[in-house]
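In case you want the letters, here they are:
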Amino acid sequence: MNGAGSRSAPSATAETGPWAGDRFRLAFLAAVALLAGLFVAAVALGSLTLSPGDVLDVLTGRSDNALHDIVVMDLRLPRALVAMVAGAMLGLSGALLQSITRNSLAAPELTGVSAGVILLSVLWLAYGPAGVRTGRIVPLVAVLGGVAAGLVAYGISRRGHSDPLRLLLAGVLVSAVLQSATSMVVLVNQGATGGVLIWTIGSLNGRVWSDWALLWPWAGVTVLLALLSAGRANLLQLGDDVAAGLGVRVERSRIVLLIVAVLLTAGALAVVGAIAFIGLIAPHIARQLAGDDARRLFPLTALVGASLLLGADVAARVVTEPIELPTGVATSILGALFFLYLLRGQRR
Amino acid sequence: MAVATGQRRSLRGRSGRATAAALALVLLGLSFVSLLVGYPTLSPAGLGEILVGGGDELPRLVVTELRLPRLALGVMAGAALAGAGVLMQDSLRNPLAGPELLGLSSGAVTVVAALTVFELSVPLVLYPWFALAGGAAGSALVLGAMAGTRGWNSPALLILVGAAVAALLGAAVVAIVRLGSPNDQQLVLSFLLGSVGGTTWVDVRVAAPWLAVGLPLALVAGRPVNLLQLGEEVAESMGLAAARTRVLVLVLSAALVAPVVAVAGAIGFVSLLAPHVARRLLRTPDARRVLPAAMLVGAVLLVGADLVARQLLAPRELPVGVWTTLIGGPVLLVMLRRQLGGANR
Numbered sequence: 002m003n004g005a006g007s008r009s010a011p012s013a014t015a016e017t018g019p020w021a022g023d024r025f026r027l028a029f030l031a032a033v034a035l036l037a038g039l040f041v042a043a044v045a046l047g048s049l050t051l052s053p054g055d056v057l058d059v060l061t062g063r064s065d066n067a068l069h070d071i072v073v074m075d076l077r078l079p080r081a082l083v084a085m086v087a088g089a090m091l092g093l094s095g096a097l098l099q100s101i102t103r104n105s106l107a108a109p110e111l112t113g114v115s116a117g118v119i120l121l122s123v124l125w126l127a128y129g130p131a132g133v134r135t136g137r138i139v140p141l142v143a144v145l146g147g148v149a150a151g152l153v154a155y156g157i158s159r160r161g162h163s164d165p166l167r168l169l170l171a172g173v174l175v176s177a178v179l180q181s182a183t184s185m186v187v188l189v190n191q192g193a194t195g196g197v198l199i200w201t202i203g204s205l206n207g208r209v210w211s212d213w214a215l216l217w218p219w220a221g222v223t224v225l226l227a228l229l230s231a232g233r234a235n236l237l238q239l240g241d242d243v244a245a246g247l248g249v250r251v252e253r254s255r256i257v258l259l260i261v262a263v264l265l266t267a268g269a270l271a272v273v274g275a276i277a278f279i280g281l282i283a284p285h286i287a288r289q290l291a292g293d294d295a296r297r298l299f300p301l302t303a304l305v306g307a308s309l310l311l312g313a314d315v316a317a318r319v320v321t322e323p324i325e326l327p328t329g330v331a332t333s334i335l336g337a338l339f340f341l342y343l344l345r346g347q348r349r
Numbered sequence: 038m039a040v041a042t043g044q045r046r047s048l049r050g051r052s053g054r055a056t057a058a059a060l061a062l063v064l065l066g067l068s069f070v071s072l073l074v075g076y077p078t079l080s081p082a083g084l085g086e087i088l089v090g091g092g093d094e095l096p097r098l099v100v101t102e103l104r105l106p107r108l109a110l111g112v113m114a115g116a117a118l119a120g121a122g123v124l125m126q127d128s129l130r131n132p133l134a135g136p137e138l139l140g141l142s143s144g145a146v147t148v149v150a151a152l153t154v155f156e157l158s159v160p161l162v163l164y165p166w167f168a169l170a171g172g173a174a175g176s177a178l179v180l181g182a183m184a185g186t187r188g189w190n191s192p193a194l195l196i197l198v199g200a201a202v203a204a205l206l207g208a209a210v211v212a213i214v215r216l217g218s219p220n221d222q223q224l225v226l227s228f229l230l231g232s233v234g235g236t237t238w239v240d241v242r243v244a245a246p247w248l249a250v251g252l253p254l255a256l257v258a259g260r261p262v263n264l265l266q267l268g269e270e271v272a273e274s275m276g277l278a279a280a281r282t283r284v285l286v287l288v289l290s291a292a293l294v295a296p297v298v299a300v301a302g303a304i305g306f307v308s309l310l311a312p313h314v315a316r317r318l319l320r321t322p323d324a325r326r327v328l329p330a331a332m333l334v335g336a337v338l339l340v341g342a343d344l345v346a347r348q349l350l351a352p353r354e355l356p357v358g359v360w361t362t363l364i365g366g367p368v369l370l371v372m373l374r375r376q377l378g379g380a381n382r
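Protein sequence lines, in the order shown, are assigned to chains A and B.
Just so you know, we're using the numbering used here here: the first sequence kicks off at 2 and counts up by one.
Just so you know, we're using the numbering used here here: the second sequence kicks off at 38 and counts up by one.
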């Protein structure tokens, strides 16, 4: 593993020394431990607070308290699982977009991808053929919107000279227009799209096993795809000319990776709604720990994203108890502040 | 040579007046239509009868209590937003400066949403003051986050910081509505999108005094704003206290936006778009001439968009802000494409 980082990894920073592997392993283990701790907290905390011992009893089937069983097994456990997996997907999506665009500020919600996914989902909910308006088909349809919006923003930003901020500029404007269209569809179809507004902010409220059943097959495939595309992402990070020189078909690779990123976003959004800023922050934190090598960055990003969303959900549930805020409110507030902080570093 | 320049200037001046006259005519036409159409649709003769105080009871009430105040607010709000847009863009020398991205609208909306949702006993007359305070806080957040960074006034940075602050305050509005009156999506959307539906004379009376003072002041501000456009050093060398003037101009634009947000919510893209349209029409960046033209353009945009909002999907009505964003966003993107391309060099 020590050698793996430096063998062919086209790392831009000096994270390839003999200690890089150790550091990565340490960070990885720490992230796993953090996630495990948050998981216990997510299952234990709430209007009925359990001790970690109680939680363990329920999970191993030794509890004789029926209420504990219901609260943990039917409510908190599926919700925590959904939060972790969706967070990992959103984080990975951001990491992929950042590699494709070689832009550390790219994220699904800043490149138009999320807005495109949302608009098409809402359109499908409102006008799709009756009978298949909900369920597994929605993210499949929504992917088209995400890819289209991402390509539009990317296309606009590529005119003339390249600049890391131009993609976001185009992305923000494209998102504004798509959001407006979404609002319109929602307002015209109040009946069919009831509750959509909370979904466009993102919430984990009331996620149960049926949501998990919707999420995990999609997550299994797309997360695997994302991890497998790490090598290609590494090549794209070298820049178009170098990558082309190494025999990569740059534009095609980019579109393939964009599709993977949108698949991740669409799958997560379908279940938890448009939770913002996880895709921006998770890769940033992971990059501090793992460097730019995508083969390390991507797995760590998934762990960090899972921890972030799980933590935000616990916060949204516990802080304003007994009223529960949509999880997206918590991530938006924390994420926006973090984003402002990043911008300062970027422009100094 | 001097003669040629003089001639060209006078020609342009005339075309400016012609443009203004044409815009005024369009506005008049749109106003007329917006008083006529709807349920019940009136004939011009019927409308004339009502306006001089006659006509049947029902149509008269519809016109005088529903359509007229709505039209009045639309015209005033459009003019105020557009005027504020010119002031902000020119004094900050940033083509994307506007209440949306400067955090002004979102700050004001957050405060107004809190006042409404928590049913605090604040008289409506004071709403603009609260909106102004919220807007000032929002702008301070944006400008503070931008200040101190290299190339701090680039349009690119503004749009990013503005988007982040808008997301932050948007989340705050959702949280407020969630805590105060859960399950009311209509309420959230009408705050965030902006609407002049359901305007009464009370709303008009709240906003009117602000705009009666603010709009003439904005027109007078054309000269110092022109100097600010030239840059800090040039403005200083011509005897203008640039920093202080800029703050005053920004306060004035905030005072134009606050009453509009207080009664109609954050109507997007009017103040971003109208100044650019006016500059294109007049082919000049001269703020003294752009300001009145932009106000007319803003009023036309808002009244026109509201007409669409009322009629296109009738009897259902959408908030006018949906349409201004939906139309304004792509137009702005196309108009600014070249400028944005070179903006961050």
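There could be a bad hint or two in this list.
A partial selection of chain B residues facing chain A, derived with a Cβ cut-off under 10 Å [to be verified]:
1) Gly66
2) Leu73
3) Ala177
4) Val202
5) Ala212
6) Val239
7) Gln266
8) Leu267
9) Gly268
10) Glu270
11) Arg325
12) Leu355
Calculated from the model, a selection of chain A residues having no Cβ within reach of chain B, i.e. all distances over 10 Å [unchecked claim]:
13) Gly132
14) Gly136
15) Arg167
16) Leu170
17) Ile202
18) Phe278
19) Ile334
20) Leu344
21) Arg345
By construction, these hints were calculated from the structure, which means they are not laboratory data.
All values reported here derive from a predicted model rather than from experimental measurement.
We put the CB at the ideal spot given by N, CA and C, even for glycine.
Taking the hints in turn, this is what the structure says about them:
no., hint, result
1, Gly66, "26 Å, violated"
2, Leu73, "25 Å, violated"
3, Ala177, "13 Å, violated"
4, Val202, "7 Å, holds"
5, Ala212, "5 Å, holds"
6, Val239, "25 Å, violated"
7, Gln266, "22 Å, violated"
8, Leu267, "25 Å, violated"
9, Gly268, "21 Å, violated"
10, Glu270, "23 Å, violated"
11, Arg325, "30 Å, violated"
12, Leu355, "5 Å, holds"
13, Gly132, "25 Å, holds"
14, Gly136, "23 Å, holds"
15, Arg167, "7 Å, violated"
16, Leu170, "5 Å, violated"
17, Ile202, "5 Å, violated"
18, Phe278, "8 Å, violated"
19, Ile334, "5 Å, violated"
20, Leu344, "6 Å, violated"
21, Arg345, "6 Å, violated"
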